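Chemist: Spelled out from the first residue to the last, the chains are:
There are 2 protein chains.
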Amino acid sequence: MPTQLFDRIVLGDRLALAKAITLVESQNIEHQQEANKLVSEALKLNKAALRIGITGAPGVGKSTFINNFGSWLVNEKQRRVCVLAIDPSSQKNHGSILGDKTRMETLSMLEDVFIRPSPTSGTLGGVARKTRETILLCEAAGYDTILIETVGVGQSEYLADSLVDCLLLLLLPNAGDDLQAIKRGIMELADLIVLTKSDVTEPAIYNQAISDVANALNFIPNKFEGWTPKVSNYSMHNKEDVAEIWKGLEKFIGHQKSKGHFETKRKAQKIEWLNEAIKGKLESSFFEDADHKNALKNALSELENGAKSLEDIAAKLIDDWRK
Amino acid sequence: MPTQLFDRIVLGDRLALAKAITLVESQNIEHQQEANKLVSEALKLNKAALRIGITGAPGVGKSTFINNFGSWLVNEKQRRVCVLAIDPSSQKNHGSILGDKTRMETLSMLEDVFIRPSPTSGTLGGVARKTRETILLCEAAGYDTILIETVGVGQSEYLADSLVDCLLLLLLPNAGDDLQAIKRGIMELADLIVLTKSDVTEPAIYNQAISDVANALNFIPNKFEGWTPKVSNYSMHNKEDVAEIWKGLEKFIGHQKSKGHFETKRKAQKIEWLNEAIKGKLESSFFEDADHKNALKNALSELENGAKSLEDIAAKLIDDWRK
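In the order they appear, the protein sequences are chains A and B. Going by my numbering, the first residue of the first sequence is number 67, and it counts up by one from there. Going by my numbering, the first residue of the second sequence is number 67, and it counts up by one from there.
This is chain A alone, in the form it adopts within the complex (with noise of 0.2 Å):
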């Protein structure tokens, strides 16, 4: 069945692919084994799109600037544009709420672009790992473009930085803005910098931001050896402007490659999911092993009674649990 479905997705069936990155998402058994296969089959074709994440403070117009940048992608560059989106902040109401299609108009009327709203959310690793097998499946279904939206609260930079060749970051031209970005480190994260809203912000206000920005740039550390963040401004009404980025994020690349920094990151990230998939797999053999479940709570009396450290008491767990 798996193979059946991955030939469809190969085509370029969308339900096809739709209907295997339900399964990568599901928490039943049997479709993770099946999602395994289809992501077996998809790392052997070894079909590697251009990742770009996108992120940026809630309000800064990350849906409509990839609406505009994803159909000029199309439009302009016959490129096949698949837009993810990851939101590990959303802990209890599952999946995002706004549509993300119906933010994206322009974009979703295509024919080759494949949109896919935020995945279920989970912990941190586990959203990482399913965002990870997903861009597999949407490369072997011919995307050559993955565009991964981040809600851009919390860690969710960190985690998109982990996934993609570069990291597009999405500023207002406000202060309050970018020092934020400053505060939280995300500054640091971002490859290239784009200020929004230019058609409705006053042209000295958004001059000075744009200088502002840029000038912070040399106080923070270059995240990659030679490469200092371009500050491109951006309003979505002059496609001049995304031409402007685009040129700027294939310099970029062309950096990274020449340098040996694309590969390296590539890598990198596929050990990541390697070790987050042992993570996950040592936390679930030790805690669904049914003998354990007696030992646990022995070990949680002794914890209260502080006769053993927390530590000795895991290590003494681990230790049973390996015999």
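It is possible that part of the hints are untrue.
You can't tell identical chains apart in this list, so a pair holds if it fits in one copy or across any two.
Derived pair list, reagent style BS3-like, types lysine-lysine, alpha-carbon separation capped at 27 Å [as the list claims (entries may be wrong)]:
no.: 1; residue 1: Lys-347; residue 2: Lys-359
no.: 2; residue 1: Lys-289; residue 2: Lys-317
no.: 3; residue 1: Lys-103; residue 2: Lys-382
no.: 4; residue 1: Lys-325; residue 2: Lys-296
no.: 5; residue 1: Lys-347; residue 2: Lys-103
no.: 6; residue 1: Lys-289; residue 2: Lys-323
no.: 7; residue 1: Lys-345; residue 2: Lys-359
no.: 8; residue 1: Lys-336; residue 2: Lys-323
no.: 9; residue 1: Lys-289; residue 2: Lys-389
no.: 10; residue 1: Lys-333; residue 2: Lys-317
no.: 11; residue 1: Lys-363; residue 2: Lys-110
no.: 12; residue 1: Lys-305; residue 2: Lys-333
no.: 13; residue 1: Lys-313; residue 2: Lys-110
no.: 14; residue 1: Lys-110; residue 2: Lys-359
no.: 15; residue 1: Lys-85; residue 2: Lys-389
no.: 16; residue 1: Lys-196; residue 2: Lys-336
no.: 17; residue 1: Lys-85; residue 2: Lys-325
no.: 18; residue 1: Lys-374; residue 2: Lys-113
no.: 19; residue 1: Lys-289; residue 2: Lys-325
no.: 20; residue 1: Lys-374; residue 2: Lys-313
no.: 21; residue 1: Lys-382; residue 2: Lys-331
no.: 22; residue 1: Lys-382; residue 2: Lys-345
no.: 23; residue 1: Lys-323; residue 2: Lys-85
no.: 24; residue 1: Lys-313; residue 2: Lys-143
no.: 25; residue 1: Lys-363; residue 2: Lys-331
no.: 26; residue 1: Lys-85; residue 2: Lys-196
no.: 27; residue 1: Lys-296; residue 2: Lys-333
no.: 28; residue 1: Lys-382; residue 2: Lys-325
Bear in mind the hints are in silico, worked out from the structure with no lab data behind them. A quick note: this is a predicted structure, and the numbers were derived from the prediction, not measured.
Following the hints, put chain B in place on chain A, whose structure we already have.
Modeler: Quick look at chain B alone, frame taken from chain A:
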């Protein structure tokens, strides 16, 4: 050495307490061993303080609130107050940038108060564990009220809630703020809600906000059976407001104790603490195992050529390690 240090902690020596917390936060193995002993001693004392989490979006006025609330508790209720901060989102820049103490001037001048700025950052699990252990040490030092401030982005509210007896959510009196809290599932986590800035808000707008929030709560499932969060108003200039909030908090704790929720939550938190320690130890035992470095390398090439699924590779690595 640790025992001497522990005796000083119990006698209320703030320097000794600060030193012990530094040991808890240290990555150094010897420091960790000393910290483990101190924490075991603290567990034996079993001096549980009231643990209160305080969360809210940036700009809502958390520090001013804690400054006033904490000072009131010391002056009017003769409580000994400890303020801790958790900020798992600042992954790159270790520690908080703004010194918490400078934003809590009145409070930090009081005798019966201990303020500890954000701990060095790390994984969510790591921050949780270190904070749990810090709480135990503060309790051993005789503090009977622990206030835990979180920056209110990402998953920090979930983390805070897993550490405290009561989570107090501060909201700004505008529709945007409560909508965000609902969207992100934070409203569902709140045990008490405080609308800040009543002194600088138009009364009509403020009262509307109060009733909007109270109304929104009707559509949210109760976190604890039989308890709907009270919505309190608050101005930083009105001591009566603090007294009212404290009354609401006492009522909540009374409800929790009478229904058995208080003990159940505390117990679940201890189990969570044990589980975090087990997870940490599982990972460190596996990844630090020198024999395993080669196996991981081989696994990576198996993964790359798609010969085996990620899941099978991880399972085999763990089986080999357990033998």
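Chemist: Cα distance capped at 27 Å. Does Lys-363 pair with Lys-331 within a copy, between copies, both, or neither?
Modeler: Between copies only: 16 Å across chains, 43 Å inside a chain, cut-off 27 Å.
Chemist: 27 Å Cα cut-off: does Lys-347 pair with Lys-103 within a copy, between copies, both or neither?
Modeler: within (17 Å within a copy, 31 Å between copies)
Chemist: I want to check one pair: Lys-382 and Lys-325. Are their C-alpha atoms no more than 27 Å apart within a copy, between two copies, both, or neither?
Modeler: Answer is neither: 47 Å inside a copy and 35 Å across each miss the 27 Å cutoff.
Chemist: Regarding Lys-374 and Lys-313, is the shortest C-alpha distance of 27 Å or less found within a copy, between copies, in both, or in neither?
Modeler: Cα proximity of Lys-374 and Lys-313: none, with 61 Å in one copy and 39 Å across.
Chemist: When no copy is specified for Lys-305 and Lys-333, does a C-alpha distance of 27 Å or less occur within a copy, between copies, both, or neither?
Modeler: Classified as neither; 35 Å inside a copy, 58 Å across copies.
Chemist: How do Lys-325 and Lys-296 come out at 27 Å by Cα distance, when the copy is not named: within, between, both, or neither?
Modeler: within (18 Å within a copy, 58 Å between copies)
Chemist: How would you classify Lys-313 and Lys-110 at a CA-CA limit of 27 Å: within, between, both, or neither?
Modeler: Intra 31 Å, inter 63 Å, cutoff 27 Å: neither.
Chemist: Pop the pair Lys-345 and Lys-359 into one bin, within, between, both or neither, using alpha-carbon distances up to 27 Å.
Modeler: Both: 20 Å inside a copy, 15 Å across copies.
Chemist: When Cα atoms must be at most 27 Å apart, do Lys-363 and Lys-110 count as within-copy, between-copy, both, or neither?
Modeler: Between. Shortest inter-copy distance 18 Å satisfies the 27 Å Cα cut-off; intra-copy 45 Å does not.
Chemist: Given a CA cutoff of 27 Å, do Lys-196 and Lys-336 count as a within-copy pair, a between-copy pair, both, or neither?
Modeler: within (13 Å within a copy, 30 Å between copies)
Chemist: How do Lys-85 and Lys-389 come out at 27 Å by Cα distance, when the copy is not named: within, between, both, or neither?
Modeler: neither (41 Å within a copy, 38 Å between copies)
Chemist: Between the shortest in-copy and the shortest cross-copy C-alpha distance, which are at most 27 Å for Lys-289 and Lys-317: within, between, both, or neither?
Modeler: Result: close within a single copy only, 16 Å intra versus 51 Å inter.
Checked against the numbered hints above, the structure violates hints 9, 12, 13, 15, 17, 20, 23 and 28; every other hint is satisfied.
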